[in-house]
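Modelling step: build the complete structure from the supplied sequences, incorporating the hints.
Here is what each chain is made of, one letter per residue.
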Amino acid sequence: MEYIIEMLGITKEFPGIKANDNVTVQLKKGEIHALLGENGAGKSTLMSILFGMYQPDKGVIRKNGQEVKITNPNDANRLGIGMVHQHFKLVHNFTVLENIILGVEDTKYGKLEMSAAREKVLKLSEMYGLMIDPDAYIQDITVGMQQRVEILKMLYRDNEILILDEPTAVLTPQEIDELINIMRNLADEGKSILFITHKLNEIKSVADRCTVLRKGQTIATVNVADADKEQLSEMMVGRKVKLQVEKEKSNPGNPVLKVENLSVKGRTEGKNSVNNVLFEVRAGEIVCIAGIDGNGQTELVEAITGLKDSIQGKIILNGKDITKMPIRRRTLSGIGHIPEDRHKHGLVLEYTVEENMVLQSYFEPRFQKFGFLRFDSIKEYAKGLISQYDVRSGMGEKTVVRSMSGGNQQKAIIAREIDRNPDLLIAVQPTRGLDVGANEYIHKKIVEHRDSGKAVLLVSLELDEVLNVSDRILVIYEGELVADIPADEANAQELGLYMSGSKRREQ
Amino acid sequence: MKKEHNKKCSLLATESFGSFSASVMAVLVGLLFGLVILLLTNPSQAVYGFKAILFGGLSDMKNLGQVLYFATPIIMTGLSVAFANKTGLFNIGASGQFITGAFAAVFVGVKVQSLTGVSHWLFALFMATLVGAFWAVLPGVLKAYCNVNEVISCIMMNYIGMYMVNLLVKNFVFDVRKNQSMAVAKTAVSPKMGLDSIFKTGYSTSSVNAGILVAVLAGIIVYIILEKTTFGFELKACGYNREASRYAGINEKRSIVLSMMIAGALSGLGGALLYLAGSGKSIEVLDVLAAEGFNGIPVALLGLNHPIGVVISGIFIAYLNVGGFNMQLYNFAPQVIEVIISVIIYFSAFALLMKGFIMRLAKGKEEK
Numbered sequence: 001m002e003y004i005i006e007m008l009g010i011t012k013e014f015p016g017i018k019a020n021d022n023v024t025v026q027l028k029k030g031e032i033h034a035l036l037g038e039n040g041a042g043k044s045t046l047m048s049i050l051f052g053m054y055q056p057d058k059g060v061i062r063k064n065g066q067e068v069k070i071t072n073p074n075d076a077n078r079l080g081i082g083m084v085h086q087h088f089k090l091v092h093n094f095t096v097l098e099n100i101i102l103g104v105e106d107t108k109y110g111k112l113e114m115s116a117a118r119e120k121v122l123k124l125s126e127m128y129g130l131m132i133d134p135d136a137y138i139q140d141i142t143v144g145m146q147q148r149v150e151i152l153k154m155l156y157r158d159n160e161i162l163i164l165d166e167p168t169a170v171l172t173p174q175e176i177d178e179l180i181n182i183m184r185n186l187a188d189e190g191k192s193i194l195f196i197t198h199k200l201n202e203i204k205s206v207a208d209r210c211t212v213l214r215k216g217q218t219i220a221t222v223n224v225a226d227a228d229k230e231q232l233s234e235m236m237v238g239r240k241v242k243l244q245v246e247k248e249k250s251n252p253g254n255p256v257l258k259v260e261n262l263s264v265k266g267r268t269e270g271k272n273s274v275n276n277v278l279f280e281v282r283a284g285e286i287v288c289i290a291g292i293d294g295n296g297q298t299e300l301v302e303a304i305t306g307l308k309d310s311i312q313g314k315i316i317l318n319g320k321d322i323t324k325m326p327i328r329r330r331t332l333s334g335i336g337h338i339p340e341d342r343h344k345h346g347l348v349l350e351y352t353v354e355e356n357m358v359l360q361s362y363f364e365p366r367f368q369k370f371g372f373l374r375f376d377s378i379k380e381y382a383k384g385l386i387s388q389y390d391v392r393s394g395m396g397e398k399t400v401v402r403s404m405s406g407g408n409q410q411k412a413i414i415a416r417e418i419d420r421n422p423d424l425l426i427a428v429q430p431t432r433g434l435d436v437g438a439n440e441y442i443h444k445k446i447v448e449h450r451d452s453g454k455a456v457l458l459v460s461l462e463l464d465e466v467l468n469v470s471d472r473i474l475v476i477y478e479g480e481l482v483a484d485i486p487a488d489e490a491n492a493q494e495l496g497l498y499m500s501g502s503k504r505r506e507q
Numbered sequence: 001m002k003k004e005h006n007k008k009c010s011l012l013a014t015e016s017f018g019s020f021s022a023s024v025m026a027v028l029v030g031l032l033f034g035l036v037i038l039l040l041t042n043p044s045q046a047v048y049g050f051k052a053i054l055f056g057g058l059s060d061m062k063n064l065g066q067v068l069y070f071a072t073p074i075i076m077t078g079l080s081v082a083f084a085n086k087t088g089l090f091n092i093g094a095s096g097q098f099i100t101g102a103f104a105a106v107f108v109g110v111k112v113q114s115l116t117g118v119s120h121w122l123f124a125l126f127m128a129t130l131v132g133a134f135w136a137v138l139p140g141v142l143k144a145y146c147n148v149n150e151v152i153s154c155i156m157m158n159y160i161g162m163y164m165v166n167l168l169v170k171n172f173v174f175d176v177r178k179n180q181s182m183a184v185a186k187t188a189v190s191p192k193m194g195l196d197s198i199f200k201t202g203y204s205t206s207s208v209n210a211g212i213l214v215a216v217l218a219g220i221i222v223y224i225i226l227e228k229t230t231f232g233f234e235l236k237a238c239g240y241n242r243e244a245s246r247y248a249g250i251n252e253k254r255s256i257v258l259s260m261m262i263a264g265a266l267s268g269l270g271g272a273l274l275y276l277a278g279s280g281k282s283i284e285v286l287d288v289l290a291a292e293g294f295n296g297i298p299v300a301l302l303g304l305n306h307p308i309g310v311v312i313s314g315i316f317i318a319y320l321n322v323g324g325f326n327m328q329l330y331n332f333a334p335q336v337i338e339v340i341i342s343v344i345i346y347f348s349a350f351a352l353l354m355k356g357f358i359m360r361l362a363k364g365k366e367e368k
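Here the protein sequences come in this chain order: A and B. Numbering-wise (my numbering), the first sequence opens with residue 1 and increments by one. Numbering-wise (my numbering), the second sequence opens with residue 1 and increments by one.
Since the hints were made in silico from the structure, they are not lab data. Being a predicted model, the structure only gives us computed values, none of them experimental. Hints should not be assumed to be uniformly reliable.
[To be verified] In silico DSS-like links for lysine-lysine, alpha-carbon gap of 25 angstroms or less:
1) A:Lys-240 / A:Lys-204
2) B:Lys-62 / B:Lys-192
3) A:Lys-344 / B:Lys-253
4) B:Lys-228 / A:Lys-379
[What the hints assert, rightly or not] Which residues of chain B face chain A? A partial, calculated answer using Cβ under 7 angstroms:
5) Lys-228
6) Thr-229
7) Thr-230
8) Phe-233
9) Ala-237
10) Tyr-240
11) Asn-241
12) Glu-243
13) Ala-244
14) Tyr-247
15) Ala-248
16) Gly-249
[Said to hold, decoys possible] Residues of chain A placed beyond 12 angstroms of chain B at every Cβ, according to the derived structure:
17) Gln-26
18) Tyr-54
19) Asp-57
20) Gln-86
21) Pro-134
22) Asp-135
23) Asn-185
24) Ser-205
25) Gly-253
26) Arg-392
27) Gly-453
In this text, a Cβ means the ideal position worked out from N, Cα and C, and glycines have one as well.
What follows is the structure in structure tokens.
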């Protein structure tokens with residue numbers, strides 16, 4: 001069997017952690033090979049080694065059977081290896097064409113020579129069905145388009161081995177379908193694709209083979225057709241994982257949150273980021289706001305929690321108008337908030353776990369007396385939450401939060417917010433950047449909170465999460481709610497149409 | 001035995017020990033650098049001069065008293081800068097707060113005749129604290145509500161404070177013969193509390209007074225506020241992460257203003273303690289910013305912004321100053337002495353960068 005790229009027995013150690021331990025990945029010519037693993041499993045390290053950003057401590061890399069040394073990304077490029085990073089490396093005020101040729105420009109007497117490049121780009125674009133406009137500015141095109149520009153960049157450099165790092169994280173369902181088509185086209189033309197992911201659906205729909213990593217080790221390489229999703233996830237996490245969130249049908253009670261004709265001013269003049277939004281969340285139901293990032297979800301939540309002022313409308317919590325209330329009083333009136341950005345809002349990173357655990361309640365009599373913090377009860381409380389919510393850290397409640405992993409930081413926030421038992425829990429992308437195991441846990445906690453008769457407002461960009469967890473789905477598009485569908489009647493395709501603005505409910 | 005060793009290693013790696021050893025290292029490097037300068041400027045006397053710096057402060061009880069006297073104002077401004085730092089602000093306005101506070105104290109000391117005994121002194125301190133806090137309100141408000149960088153507004157407040165105090169001194173409490181403020185009433189002078197009878201050599205007494213006790217007390221209070229109270233919890237949270245504090249319902253604008261005011265109050269009190277010390281020092285009408293304000297910055301830095309650390313580093317820097325005076329015995333020009341002391345102080349502060357290095361070293365050892 002002929003392999004175009006082989007990484008054999010790769011070991012890479014960082015201080016205190018073995019990121020890759022004797023990992024082997026073999027990529028065939030013309031195949032789509034998925035690299036599956038949880039966060040911290042060592043996928044990114046492995047790809048960084050292949051792309052020349054790290055040197056392996058042990059192991060060899062072979063191309064077409066010949067051993068090669070890759071000491072920097074230029075070496076990788078020379079060997080025909082290209083990479084699309086999760087965060088695109090594009091110059092926003094350059095055109096598509098300028099971005100593609102950046103670094104490999106043709107010049108004539110010191111002047112840029114673009115006509116040959118333009119021809120090549122157009123030819124490639126047509127060949128693989130990328131449909132890009134070489135003269136559009138990056139800042140004006142969609143994220144999906146930008147990703148294609150990145151792919152074109154690799155093709156323009158005649159790369160044969162394409163690495164895609166979590167390529168679907170930023171795309172809508174329709175865009176994902178298009179990307180999958182593009183990937184198939186590329187493979188048909190003889191390009192080999194290695195893509196990193198932790199989403200099982202994508203692997204099933206596009207990959208030929210899949211290598212599973214766990215804790216830095218290769219667990220297995222399997223033919224995707226022979227394995228089902230449950231098996232793959234078990235290999236990835238190391239135990240059985242319930243992909244489907246188990247929950248009873250919801251039994252909504254009285255409205256807890258009512259949002260009436262709410263508008264929030266946008267960053268640019270004349271356009272509201274949230275426009276005349278009207279909805280309610282009832283006790284015992286999970287309402288999800290779905291939408292593509294940047295369509296006003298953030299602003300809507302900030303208006304409800306008081307981080308941002310609204311310019312019109314009312315927010316009513318348990319029959320009380322909280323529109324003008326300061327943040328602390330809203331929190332005490334029964335709002336729990338798992339914020340979108342845990343580093344910006346959710347945590348004081350320099351504080352310890354115990355200090356962060358009481359960030360919303362340090363002023364309560366149980367944690368202070370005459371203005372003096374009661375360290376004993378704070379410690380005890382934090383210890384309780386740590387064991388109950390399985391927050392793992394080096395030094396228990398005294399760990400400085402900055403040193404903890406993202407998943408455990410998130411668990412700490414969830415512990416803090418759910419333990420306060422708020423009537424309304426607002427969870428914004430609660431599983432962002434977390435892996436399947438942590439997802440399962442967080443979803444379970446959210447459903448439990450609903451089952452105890454509380455209301456949950458979930459904001460998510462991930463359709464799987466939206467469809468799996470919620471009881472009712474609202475779709476937000478350009479600051480307006482364009483759909484309100486019971487979750488059991490919704491499907492990904494339809495939601496995608498709403499999210500991209502091509503469909504909206506009749507007013 | 002093995003266990004003992006492990007314990008030692010983990011002690012090495014703890015944050016506080018790492019910080020402390022970094023400070024000590026920094027001081028040693030600073031001293032070494034000072035010695036090099038001595039050798040360059042006056043090689044024949046360098047060793048004597050260096051000895052004077054090292055041991056001058058300890059040579060007799062009077063000198064030790066002088067150390068405490070000189071430490072008082074810079075501990076206060078050091079606390080001021082450290083407090084602001086802990087709450088995410090850079091108080092470069094200590095100088096202005098210091099001199100306005102000093103003026104308030106002197107004004108009360110000269111003009112208010114109705115108070116008798118120690119209450120006169122206490123009232124002067126109180127007014128100085130109040131005025132110092134007031135002088136920091138504007139930078140605080142501008143920072144909190146208009147996001148104006150406090151460094152810029154503080155620097156402007158320094159100049160406004162200096163010129164205004166010059167004007168006020170001339171108009172209200174001016175001693176024309178000496179071109180400085182009048183001496184304050186006896187009752188407004190800091191009580192000696194018997195310290196002068198401890199810190200003396202023969203009949204020559206030092207200028208030490210109750211001020212040092214006030215400064216140490218202030219250090220302890222600042223420590224308690226920052227580390228033990230909900231109020232300090234809020235202020236520090238704002239300093240570390242303003243957005244997260246807002247999220248947690250802390251009034252972050254109020255916290256910023258209060259942090260600035262407390263920092264200002266500490267500086268203002270420092271001004272009062274210097275000019276009420278009874279050592280004959282008065283506010284001179286000069287167009288020069290009060291140096292004590294800026295000296296607070298290295299004091300805070302060297303004390304790692306920890307209130308107790310600030311007290312120690314303030315005493316250390318005063319100790320160098322007193323040692324420096326003794327160097328004049330060995331034919332060092334006062335300017336050279338100033339340079340050497342500054343070099344030691346600033347190099348010490350610089351060398352704190354080694355803190356991270358030491359921490360890593362200790363951690364690495366532990367793993368092996």
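A quick look at each hint next to the structure:
Distance hint between A:Lys-240 and A:Lys-204 is fulfilled; the C-alpha atoms sit about 18 angstroms from each other, no more than 25 angstroms. For the suggested pair B:Lys-62 and B:Lys-192, the alpha carbons sit about 14 angstroms apart, so the restraint of at most 25 angstroms is met. Note on A:Lys-344 and B:Lys-253: the hinted pairing holds, with a Cα-Cα distance of about 17 angstroms set against a maximum of 25 angstroms. Proximity of B:Lys-228 to A:Lys-379 is assessed by CA-CA distance (about 14 angstroms); at most 25 angstroms being required, the pair is judged to hold.
The beta carbon of B:Lys-228 comes within 5 angstroms of a beta carbon in chain A, closer than 7 angstroms, and the hint placing it at the interface holds. With a least beta-carbon distance of about 5 angstroms to chain A, the hint placing B:Thr-229 at the interface is held under the 7 angstroms criterion. Annotation: interface hint on B:Thr-230 holds; nearest CB of chain A at approximately 5 angstroms, less than 7 angstroms. The restraint placing B:Phe-233 at the interface with chain A holds, with a minimum CB-CB distance near 6 angstroms, inside the 7 angstroms limit.
Among the interface hints, the one on B:Ala-237 holds; its C-beta lies about 5 angstroms from the nearest C-beta in chain A, closer than the 7 angstroms criterion. Among the interface hints, the one on B:Tyr-240 holds; its C-beta lies about 4 angstroms from the nearest C-beta in chain A, closer than the 7 angstroms criterion. Interface hint status for B:Asn-241: upheld, as the beta-carbon distance to the closest one in chain A is roughly 5 angstroms, under 7 angstroms. Hint status for B:Glu-243: holds, given a least beta-carbon distance of 5 angstroms to chain A, under 7 angstroms.
With a cut of 7 angstroms, the hint placing B:Ala-244 at the interface with chain A holds, because the nearest CB-to-CB distance is about 5 angstroms. Below 7 angstroms, beta-carbon pairs count as interface contacts, and B:Tyr-247 has one with chain A at about 4 angstroms; its hint therefore holds. The interface hint given for B:Ala-248 is met, as the beta carbon of that residue sits about 5 angstroms from the closest beta carbon of chain A, less than 7 angstroms. Interface restraint check for B:Gly-249: the shortest CB-CB distance to chain A comes to about 3 angstroms, inside 7 angstroms, so the restraint holds.
The claim that A:Gln-26 is not at the interface with chain B holds, since no C-beta of that chain comes within 12 angstroms of its own (minimum 34 angstroms). Every Cβ of chain B is farther than 12 angstroms from the Cβ of A:Tyr-54; the closest lies at roughly 20 angstroms, confirming the non-interface assignment. With a closest Cβ-Cβ approach of about 16 angstroms to chain B, A:Asp-57 is found to remain outside the 12 angstroms limit, as its non-interface label requires. No beta-carbon of chain B comes within 12 angstroms of the beta-carbon of A:Gln-86; the shortest separation is about 24 angstroms.
Every beta carbon of chain B lies more than 12 angstroms from that of A:Pro-134, the smallest distance being close to 40 angstroms; the non-interface claim holds. With a least CB separation of 39 angstroms from chain B, A:Asp-135 remains clear of the 12 angstroms interface cut-off, as annotated. With a least beta-carbon separation of about 44 angstroms from chain B, A:Asn-185 lies farther than 12 angstroms from that chain, consistent with its non-interface assignment. At roughly 39 angstroms, the least C-beta separation between A:Ser-205 and chain B is larger than 12 angstroms, which holds for a residue marked as non-interface.
For A:Gly-253, the shortest C-beta to C-beta distance to chain B comes to about 27 angstroms, beyond the 12 angstroms cut-off, and the non-interface label holds. Consistency note on A:Arg-392: stated as away from chain B, and its beta-carbon is indeed over 12 angstroms from all of that chain's, at 20 angstroms minimum. At the 12 angstroms boundary, the C-beta of A:Gly-453 stays outside the reach of chain B, the nearest C-beta of that chain being 25 angstroms off.
Of the numbered hints stated above, none is contradicted by the structure.
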